[in-house]
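Visitor: Sequences and hints are given; from them, build the entire structure.
Chains A and B, in that order, are what the protein sequence lines are.
Numbering of the first sequence is given in the working numbering, commencing with residue 18 and proceeding in unit increments.
Numbering of the second sequence is given in the working numbering, commencing with residue 34 and proceeding in unit increments.
Hints in this document: simulated from the structure, not taken from any laboratory.
Since we're looking at a predicted model, the values are computed, not measured.
Heads up, some of the hints might be wrong.
Stated by the list, open to error - Straight-line distance between alpha carbons at most 30 Å, and here's what the computed DSBU-like set of lysine-lysine pairs gives:
#1 A/19 <-> A/240
#2 A/151 <-> B/298
#3 B/296 <-> B/241
#4 A/19 <-> A/82
#5 A/19 <-> A/151
#6 B/296 <-> A/151
#7 A/175 <-> A/19
#8 B/298 <-> B/241
#9 B/55 <-> A/151
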Amino acid sequence: MKIETHSLNKRYGAHVALDGAGFATPDDAGCVVLLGPSGSGKSTLLRVLGSLLAPDAGEVRLDGKPLAWSEADTLRQRRENGFVFQGFNLFPHFTALENVALPLRIVHGREESEASRTALDTLERFGMGPHIDKRPAELSGGQQQRVALARAIAPQPKLLLLDEPTSALDPMMTQDVLDLIRELAEAGQRIVLSTHEIAFARKVADWVVFLDHGKVIESSSAKEFFQSPRSELAQQFVEALTRYR
Amino acid sequence: MCICSRAVNLGGRPVDVAMISKSIRTEIAWALVLALACASAIYATFNAIKYEWNWAAIWEWRALIMRGWWVTLLLSLGALVLSVVIGLLLMTGQRSRIVPVRLFSRGCVEIIRGTPLLVQLLIGYYGVANALHIDSSMFVGIVILAFFEGAYLAEIFRAAWESISASQLEAAKAVGFNRVQTWRHVIFPQALRRALPGTAGQMVSLVKDSSLLSVIGVVEVTQQMRVAYSSTYAALEGFIPLALLYLAITLPLSWWARTLETKFKYET
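Guide: Now the structure itself:
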């Protein structure tokens, strides 16, 4: 999928989250990773790409088609995407199965039995078969994130957007969840991922967008980015994140 | 009781049955001890003032008193349903983007909560209802009582609504829910659970506050009881059953609210 943005701006009061951010991936980018220090605008950019947040100014094109920002448009565009967040954000009053099945029924118009079967298959694929009737509070962080992944991919989204999906997990759970994301990427799921897991980015990413203070500092192929980052900032960042790895 | 039912509800985790029955036994034993202590205290009190009981006199009035109790029950139920509707309207109004709607709702809540129900009843009945040529004191009483409690409910509902975290709303957007679906499947069920304890308390208050409706001529249970004891001079014999008659409405309400709370329990 080709993703392009043009001078994206987004402010929260006095805070500038995106400051003219622009980049373009090649046509066949499968897994795009957003890197950058905390507060660099990764999460905001990810939300804009997924139509979860409208920018104050600027343009986004997915496969050449510009995104529109009216309420009806963003809803329609969001429904083609899947999201996973740092804090899991499951619905606490529903079971794991219902968290996955409900959007299939009421957003994607699936029949009740078909929605349940799809939800069950997806949860089983992620090793959550024994836990489908549990509510989020009864699941570990890693299990919750698997349910969140299942919820995001069950409707077969065109684009899967993951916002630091392992930042709230311990190292073991992190590896589990990263394995699942890698499998999805290798199976052809198109992904935009913001993360601090640089080793993972190196292995799985096709394209890297490096941000700082709301600006795109580098946008290059993963190979190029990790072998010879052009900006000093990116060099320091990669060096700092790999120092103890 | 609540300790053990919580233990059972922990999502099918194995629970030691022997431990539960032991804790129930402990609770029943303590309940008996406390009930006995209460009874002794009441007995000692009336013994000290050497009160001469005259239950026969008040018994004569039982039919009228029960008629008053039915009036209290019916008007409470009516006001209860209406107060929830008013509470929801005032809550939504306070969150409205339309300035006059927001100001009006905010003003209603502050004025209603800031003035005594007695004043509202008197002004509402002898002033507003009179001007509108509405004669039924029962109808006017239910409406004013519903507004009074609805203003409190509006704040309880608003707090519950606003406690739904931004991340839940974002998750709802992310899975593609529209506004109505977000309200129906995300906000409402979670807010309901959080509003339940406060709402139950407010409903109990409503039942008791209904006794003030006698000032506009509604002959509810407290008023009937007043009539009864002013004829018989058996005041305490009236007050004690009166308390029990109110408890007969308020305790089931509280119990029902607790059942609902357990039913909607999903957090740890």
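Visitor: Of the hints given before, which are not true for this structure?
Guide: Structure breaks hint 5 only.
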